[in-house]
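*Asks:* Sequence:
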Amino acid sequence: MNSFSVLLVDDEIDYVETLVKRMKKRHVGVSGVRSGEEALDFMEKNPIDVVVLDVRMPGMGGIETLRAIKQQFPIVEVIMLTGHASLEVAREGMELGAFDYLIKPINIDELLFKLQDANEKKMIQEKKIQGLKEVFDSSEGR
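Residues 1 to 142 in our numbering are what the sequence shown spells out, letter by letter.
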């Protein structure tokens, strides 16, 4: 698996610890935090490629956290995660820029495929941005 960094954000401590262990066994660079606030603090200090974000959390909820992530780290991809299927929340998350939406309990292989796809999308965006920078830099150097 390509090397990329994942942040798991969920207020259920046991769920976070279990999923982090399962993903590390599959050689995924993953960290876990328990709130939207912790996620934003963590991302300020650590580069993250993909966030797996629970929708329902006390304090800063998933949609609010998604908005903040997309504002501060626009090319980071976010996969929304919930134990409560809600078409309205899924639609809102996708409109705000979420990459995809999964319902708990998740299949670990499905999650890994989604993570790889999300990271691929982020890498494409980074290449486009780099290409634009090179074009801009070369036009200024004339």
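Keep in mind that the hints were calculated from the coordinates and are not lab data.
Glycine included, every Cβ here is placed at the ideal spot set by N, Cα and C.
Among the hints, erroneous ones may be present.
Pairwise CB distance ranges (calculated) [claimed, not checked]:
1. 139 <-> 116: 31 to 37 Å
2. 136 <-> 102: 34 to 40 Å
3. 91 <-> 71: 36 to 42 Å
*Asks:* Evaluate each hint against the coordinates.
*Replies:* Hint by hint, here is what the structure shows:
no.	hint	in the structure
1	139 <-> 116: 31 to 37 Å	holds (35 Å)
2	136 <-> 102: 34 to 40 Å	holds (37 Å)
3	91 <-> 71: 36 to 42 Å	violated (20 Å)
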